[in-house]
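Construct the complete structure from the given sequences, taking the supplied hints into account.
Residue numbers (this note's numbering), protein chains in the order written: chain Y, 1 to 433; chain R, 1001 to 1119; chain U, 2001 to 2536.
Hints listed in this document are in silico derivations from the structure and should not be mistaken for laboratory results. Careful, some of the hints might be misleading.
As the list claims (entries may be wrong) - Heads up, simulated DSS-like pairs for lysine-lysine below, C-alpha to C-alpha not over 27 Å straight-line:
1. 162/Y with 273/Y
2. 2529/U with 2502/U
3. 2527/U with 399/Y
4. 417/Y with 95/Y
5. 2320/U with 273/Y
6. 2492/U with 2029/U
7. 56/Y with 417/Y
8. 417/Y with 2502/U
9. 2169/U with 2405/U
10. 404/Y with 2529/U
11. 2502/U with 95/Y
12. 2169/U with 2269/U
13. 2029/U with 2529/U
14. 95/Y with 2029/U
15. 399/Y with 2529/U
16. 2320/U with 95/Y
17. 399/Y with 2169/U
18. 73/Y with 95/Y
19. 2029/U with 2527/U
20. 2527/U with 2502/U
21. 273/Y with 56/Y
22. 417/Y with 2529/U
23. 73/Y with 59/Y
24. 2527/U with 2435/U
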Amino acid sequence: MRTFENTVCSFCGSLCDDIVLEVEDNVITKARGGCAISRRKFLSAIDSEAPLVDGKEVKFDEAINAAVEILAKARHPLIYGLSSTSSEAQAAAVKLGETLGASVDSTSSVCHGPGTVAKQLVGLPTCTLGEVKNRADVVVFWGCNPVEAHPRHFSRYSVQAKGLLREQGRRDRKVIAVDVRRTATARIADIFLQVAPNEDFQVLTALRAVINGNELREETFGGISPEEIQDVCDVLQSAEYGVFFFGMGLTMTQGTHHNVRQALSLVRDLNRKTAFGVIPMRGHGNVAGTETVLAWQTGYPFGINFSRGYPRYSPGEFTVTDLLSRREVDAALIVASDPAATLPARSANYLGEIPTIVIDPYYSATAKLARVFLPSAPVGVAASGTVYRMDQVPLPLRKVIDSKYPSDHDILLAIDKGVTACSASKEALSMIL
Amino acid sequence: MAFIKEVHAILITGRTLRQGIGVAEGKDSDVYREETSQVELSAGSMAKLGLKHGDRVEVSTDSGVETFLCRPGDLPDNVVFVPYGPPANRLTLNTTEGSGMPGFKGIPCRVRRVIDEDI
Amino acid sequence: MLCIKGGSVYDPLNGKAGEVDDIYVSDGKIASPSPGARVLDARDLIVMPGGVDIHSHIAGPKVNVGRVLCPELNRRDPVALTGVTRSGVGSVVPSTFVTGYRYAEMGYTFVMEAAAPPLEARHVHEELADIPMVDKGALILMGNNHFVLSLIRDRDFERLKDYAAFLIKASGGYGIKVVNPGGGANWRTRGNVGGLDDETREYGVTPREIIDALIEVNEALGVPHAVHLHCNNLGQPTGGETTLETMAIAEGRRLHITHMQFSAYKPTKGRPFVSSAKELAEYVNANPNITMDVGQVVFGPAVTMTADAPLQHSLHTLTKERWVNKEIEMETQSGIVPLTYRKRSYAGAIQWIAGLELFLMIENPWQISLTTDHPNGGPFTAYPWVIRLLMDRGYREEVAETVNKRALGSSELPELTREYTLEEIAIITRAGPAKTLGLANKGHLGIGADADIAIYRPNSDFEAMFSQAAYVLKGGEIVVREGEVVSETFGKTYIPALPEQKDVTPWLSPMFSRLYSIAFENYGVEKEKYMPCEVV
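In structure tokens form, the structure reads like this:
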């Protein structure tokens, strides 16, 4: 038996790095220290289905060839997903996208993409999670529910966590939750603002108005009374070090990036009075990495198209939901994500109408629609690499067991090589003819 | 006893712990299937529609119609909640209004009880 | 074996100032003459060592946020893939691949990333690994680090030495970077320090003590490069005075003042500030222990990014531009604000003038390196323009005529008649920075040096001449022809050979787990992340 300490769990954007794994005969037998989701993730990490083409089991190379053939033939392929794999694999996907002249998008476009668009409008005062643990005395959770989505966030970083200036943990902090629902997170908060659906923007605007010294003249703002707004402002302004976490409750509701823009502006305004940071509560393990890697390689964070040989960036145009809804792509390569289980069905169903290739450690819902399924070694279990936490802190993933399948990274490079060879031979052929 | 046949509400989809466990375990798992086929309604809405925990309800939006098992949730009367998953996806909106973000939350919907004869 | 035949060789370290000579290359190094070598005809061409950039923000978390922040800049300069090179964007903060290509096209073969936070050093190395064509290294931020300040407060210099060496090693870094020491620590409570004797709120130590201690540690460890210091009060009218006092702290020990232009201002009656380049240049001229780089301002768009977070907040307050701020637990902070330098604005003109005054008033070119503090003063792709300003007095006066008149009137620039020679340019863009960084095999063409060579076609328009090298050799291979990358290559990461220090784990590890949000075991960057590397 081998024991691996300080292993990173890459399920969610919290990237807890204190998991202890026990491995016996190439099987993870125990996963200690993590949350219920993490335990399940590590203990379910076994080799999945064989490679498939049109539902038939094939040798790995045959599946690669089938993928190459589909992509080489496509006029406008889409590469999508990437949030549950390593930064190395993300880089390989960009390279392939460039070779193909493809659109490349990550799950960011359907989670925190609007937050990034908002950042491009106003900037982002932020901090790492250790700073939250050490300093934050006021913590806001807006439209996010870490108790269920990031189960150890409170204890490691944001609520019960004990740090340099917050030795008492929970007792040293005021917690404000804002949500449409009284979530598990809202129930532990000191202050809960129950905002009317789709009216976060109004509440944020009212808060900014008060912080900037204006008077509130309406009777209610998105279901919140002026008195409640005032009380929250008092708490925000009295913070020594405040941190504002926001989730899909802001990015997915009506207004999308406008909501986040208002939130970022609120935090920026607060910095005239005190120290305040804002952190997007990132969902998937390495979704932060998708934006990071795509940006350093192309200049842009998501929603990219290479059809002109150089990267173009256009959310709403080169983003997955739009490309599929408008039926603009004629082939798709889905890497380490499951759009058939996550996108609106009207978009996702189109993946079943075009040749779709799935690279995933698990036989996903999307794999069921796909022409080609390429099983891969699960990253952070049977493949190493780098992942980026929700606050952009990079962490190393370790390989603790062997898989009979290659990593996402290696599969993507193999496809890229195949496509390059394919187009080279096509060129040679056209020269002869 | 007369119940209201249908209520208009706002649909929110989102993550739950059991849904997360289901994703980690595999989307063929029972926990995933069970969790993603539930809808949460406020106690008030359930009473209005004459529903008890586990009854079948139909939720419809501009995108489609889907049947769920209902459970009580700590929600305002005008909000219903469905965990992320394939059933929710049949209700979410695929228009992004130029933002790239589809309609996952804050979607107008109608909720009605599924009468046995409908089955 | 290759012979670069008949070029005018500018190799200041080896005393060559334009004499016609043959340079032999073998196994990636400069070799002694030997018969039978393949010939690269360099007649009528100018041969120099590859360019060395001593200070440029090219990789890592804040650089990347700068890229994301400004799609409107990126869209101005799309770069398509070729059969040889990858695609990306150029503009002000180029993507990684394009960063490498653009440096190479100008004949640069080494770039030092100017500011890496240890907690995110892994990110810095991932980006550096994606920058082709050049060798590289990274300076490690220490001036506001919790443990550095605590150890200085406790006067525990032995441990401070161990810890500084640990940080360089764990981060895969090259040297010690200090930015607004103490000011960053106070920024955690939205304060700053106003001078060298202001105390930091949580540690009680002063900038003076931090600078002095880190110079001491740097010299004791024998780090190849001096402490690389971004002074307190940078960008303020008080910056010049503070910088003079700061240089005095060194007392003869090595000290590198970076982007001095941003510190070369003084207060005056009736105007926001004027240039204090003259006083600073006089000090540098009298003190050979000081080296500096300029941080020349270039008119047009820039993206300012620095660990000097309080400075960035005031810049944002002034311009109302987008503001990014980040606090990195226990270590440092940063701020990013896009900024356009305008000729007609008083401030922009003073900054442009102050940089040129430093260039023209500092006498010994070995003490001064050409930088724009990319992308703070403007992009590194403007270096050829700066060279033209230095070499061509007529052109300089032409440009000066177009800048803010009040600013020009307040300065001595119109009286400065100096024109840089090609030899001096070779010093401030390669030989000098290589020497200052302690890179023995860079910046010259002596036998055994790295065969990183830039060959230029003479042109009276020096901007055109230095924009596109006729040939660039990296490790002895031709990688650029006529300003175009013809072969993609990836360089090495440079790290210093430091003397073995006491293991910091026993005292650091327990505190680390309490204060950081990651495990101590996951902190350091393993060497594989920055292979191949060169130890100097």
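The hints, checked one at a time:
| no. | hint | verdict |
| --- | --- | --- |
| 1 | 162/Y with 273/Y | holds, 25 Å |
| 2 | 2529/U with 2502/U | holds, 24 Å |
| 3 | 2527/U with 399/Y | holds, 17 Å |
| 4 | 417/Y with 95/Y | holds, 10 Å |
| 5 | 2320/U with 273/Y | holds, 16 Å |
| 6 | 2492/U with 2029/U | holds, 14 Å |
| 7 | 56/Y with 417/Y | holds, 24 Å |
| 8 | 417/Y with 2502/U | violated, 47 Å |
| 9 | 2169/U with 2405/U | violated, 50 Å |
| 10 | 404/Y with 2529/U | holds, 25 Å |
| 11 | 2502/U with 95/Y | violated, 43 Å |
| 12 | 2169/U with 2269/U | violated, 48 Å |
| 13 | 2029/U with 2529/U | holds, 25 Å |
| 14 | 95/Y with 2029/U | violated, 32 Å |
| 15 | 399/Y with 2529/U | holds, 16 Å |
| 16 | 2320/U with 95/Y | violated, 37 Å |
| 17 | 399/Y with 2169/U | holds, 24 Å |
| 18 | 73/Y with 95/Y | holds, 17 Å |
| 19 | 2029/U with 2527/U | holds, 25 Å |
| 20 | 2527/U with 2502/U | holds, 20 Å |
| 21 | 273/Y with 56/Y | violated, 64 Å |
| 22 | 417/Y with 2529/U | holds, 23 Å |
| 23 | 73/Y with 59/Y | holds, 22 Å |
| 24 | 2527/U with 2435/U | holds, 26 Å |
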